[in-house]
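2 protein chains.
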Amino acid sequence: MAERDADTQRRSNEPPAARPTIADVARLAGVSKGLVSFALNDRPGVSADSRERILSAAAELGWSPSVRARSLSSNRAFAIGLVIAREPGIVAADPFFPTFMAGVETELSGSGQTLVLATVTPGRQEADTYRSLALDKRVDGVILTDLRTGDERIALIDELGLAAVTLGRPDTDSPFPAVSIDDEAGVTATVDHLAQLGHRSIAHVAGPSSMLHAARRRRAFERAAGAHGIAPRVVETDFSATEGAAATRHLLGDPDDRPTAIVYSNDPMALAGLAVAQRAGLIVPRDLSITGFDNTDLAEHVYPSLTSVATDVAAWGAIAARVLLATIASEPVDNTDLPPARLVARESTSHSPHHP
Amino acid sequence: MAERDADTQRRSNEPPAARPTIADVARLAGVSKGLVSFALNDRPGVSADSRERILSAAAELGWSPSVRARSLSSNRAFAIGLVIAREPGIVAADPFFPTFMAGVETELSGSGQTLVLATVTPGRQEADTYRSLALDKRVDGVILTDLRTGDERIALIDELGLAAVTLGRPDTDSPFPAVSIDDEAGVTATVDHLAQLGHRSIAHVAGPSSMLHAARRRRAFERAAGAHGIAPRVVETDFSATEGAAATRHLLGDPDDRPTAIVYSNDPMALAGLAVAQRAGLIVPRDLSITGFDNTDLAEHVYPSLTSVATDVAAWGAIAARVLLATIASEPVDNTDLPPARLVARESTSHSPHHP
DNA sequence: CTGAAAGCGCTTACAG
DNA sequence: CTGAAAGCGCTTACAG
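As you go down the protein sequences, you meet chains P and Z in turn. Residue 356 is where the first sequence ends in the UniProt record's numbering, and the numbering goes up by one at each step. Residue 356 is where the second sequence ends in the UniProt record's numbering, and the numbering goes up by one at each step.
Please note that the accuracy of each hint is not assured.
Each pair may be met inside one copy or between any two copies, as identical chains are not told apart.
Only pairs whose alpha carbons sit at most 20 Å apart, straight line, appear in this in silico SDA-like list of lysine to any residue [unchecked claim]: (1) K137 with G62; (2) K137 with W63; (3) K33 with D49; (4) K137 with V116.
Read the hints as simulated data drawn from the structure, not as lab findings.
Work the whole structure out from these sequences, hints included.
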């Protein structure tokens with residue numbers, strides 16, 4: 001690890017060779033610039049002969065289109081945006097976004113499109129970010145994640161003239177296609193699984209009710225519990241490990257009225273809850289069953305390994321990007337439903353201690 | 001959650017009002033377009049009087065520059081890039097990137113610059129991504145993370161004519177400024193801490209030696225162990241929880257020659273190692289001390305809570321972005337060193353079982 | 001089917 | 001200090 005001299009830093013790099021333009025191609029092919037543009041964009045009205053000459057001229061020169069020039073004349077950005085509005089600590093603990101973005105990228109790479117990412121603190125900075133992305137036309141459309149109840153972003157983005165796709169269906173009227181994963185099925189399967197193991201006292205540690213997917217999971221929990229004749233107990237949190245731990249302490253506080261199973265709305269909270277239980281001297285799953293959501297990489301590597309609900313987040317990202325690109329290209333699109341979330345049973349769930 | 005009709009999807013959103021251009025401003029101020037450009041870019045050679053008229057005309061019209069037009073004429077992208085080349089599972093488990101990007105964003109927001117993100121599978125797709133970002137001038141510069149030994153990206157990016165900043169100093173000659181955090185200090189502090197607790201048999205679960213920061217931590221471990229007269233034992237992994245668990249099983253395999261402490265090169269591996277130890281019937285820290293690296297959010301929420309090494313990743317992102325923007329603006333920049341990593345001692349480390 | 005031209009909204013020499 | 005003009009590299013009516 002050698003220290004380099006400061007002046008080494010300033011060594012200027014070589015200017016890249018001048019790129020051929022459409023004018024060079026036109027000259028070589030002996031046609032006008034306009035015709036080159038038509039040929040290269042696969043538009044009708046170019047004779048097979050000319051097209052041939054143009055394409056081979058372009059190939060010979062190693063021509064590739066200038067995105068910025070196309071941007072200016074066609075008023076498109078050839079990019080899509082993702083604005084993440086979560087508290088830093090919460091987004092860091094949650095593997096959702098890296099996985100999701102990797103999925104988006106699989107669709108983008110090769111399409112010549114690019115992903116513009118903005119991380120903002122929730123609140124008005126978020127709206128300003130969408131505004132400036134639209135004002136500068138830095139993106140042609142956005143993927144809306146973490147949908148909220150009565151989400152004001154829907155109207156804002158429509159008003160800004162951006163295309164969009166939502167992850168899940170909003171609870172308000174929306175002009176945008178939705179790409180959804182039925183995570184309620186995962187919650188229901190979890191409660192069924194626990195009920196089958198004899199649990200009659202099951203609690204749910206929910207995410208914030210202002211977030212649609214958190215509310216949806218909670219309702220699914222309440223419905224499934226009700227179907228088994230179980231009185232649902234719910235504690236709401238902000239999805240952080242800290243509040244997940246606090247909720248667990250609260251639930252385990254009264255030894256005479258302690259749930260035998262806790263269904264957490266995400267994995268980080270479940271792991272924090274597991275630690276709280278162990279610290280309180282409980283043995284999981286003998287004394288308490290625990291389940292998570294999202295099937296984090298770590299879920300199978302903790303002790304006991306964590307029963308969780310798996311969704312294909314990367315596929316979600318890829319499909320969302322594909323639908324958004326189609327929308328931008330004015331192709332007809334419909335709401336899309338991905339395969340539902342499914343339960344992955346592991347060691348953290350077993351028979352209720354009160355089970356015969 | 002109402003299903004919407006398919007035809008509702010196609011409701012077109014309002015066309016945004018036509019934006020004022022520099023020509024409108026010139027007309028209102030009664031000057032030429034060129035002068036407007038000079039005034040708005042704070043360039044010398046505009047009379048105070050004209051500047052005044054131009055600025056108020058721009059304000060009155062609500063003018064803001066068209067990024068795409070500026071891009072085309074000035075050949076800049078007003079964007080910086082981040083290319084993440086890690087296996088999906090590993091990047092998802094590691095909170096580094098979300099935190100880092102949030103830090104980058106704090107510097108970017110308000111600067112009118114944008115972050116372009118690409119996630120690629122390691123290998124040639126990575127080089128192609130840098131090439132196309134440069135060819136299309138989608139970015140003016142890039143932040144190089146996860147530096148490797150003899151990193152070919154340095155030469156590639158220099159050749160492509162992009163600006164760059166590296167996270168940490170490369171082991172090859174580099175024309176780019178480096179923004180570094182001394183993580184060796186954190187490893188050294190960890191080993192000192194363990195030695196002070198009486199540990200004489202300490203192992204290290206390292207990341208891949210092809211990654212500079214993994215190699216650096218490993219060397220720091222070996223040096224610190226040597227300083228205490230301890231024979232260093234090292235197992236190399238790919239940084240994944242899976243291989244962290246396997247390395248731990250290997251280290252704990254021989255009961256007669258089992259380390260009393262294990263220093264992991266990241267937190268996910270430490271958490272997986274903790275589980276392996278517990279599964280083997282060991283009590284942490286009574287029978288085995290364990291430390292991580294990066295001080296993940298979860299570290300304080302597991303049981304026992306994890307001793308780890310903390311670095312200010314968000315600040316790293318902010319400074320890296322700032323240095324890169326300065327480089328792009330041709331301002332003089334030097335290598336920057338952030339405050340060193342520091343040990344956060346928690347419950348997972350205590351006296352060696354062999355300690356008197 | 002094809003050409004000549006205007007236009008996207010800026011920046012930047014070049015004259016004065 | 002200021003204006004008129006060319007240019008960045010495309011797309012897209014408008015004529016023929």
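Outcome of the hint check:
1. Taking the shortest alpha-carbon separations for K137 and G62, only the inter-copy value of 16 Å comes in at or below 20 Å, while the best intra-copy value is 29 Å.
2. For a Cα distance limit of 20 Å, the shortest separation of K137 from W63 across copies, 15 Å, qualifies, whereas the shortest one inside one copy, 26 Å, does not.
3. Taking CA atoms no more than 20 Å apart as the test, K33 paired with D49 passes inside one copy only; the shortest distance there is 16 Å, against 43 Å between copies.
4. For the homomeric pair K137 and V116, the shortest alpha-carbon distances inside one copy (11 Å) and between copies (14 Å) are both at most 20 Å.
Hint compliance for this structure: every hint is met.
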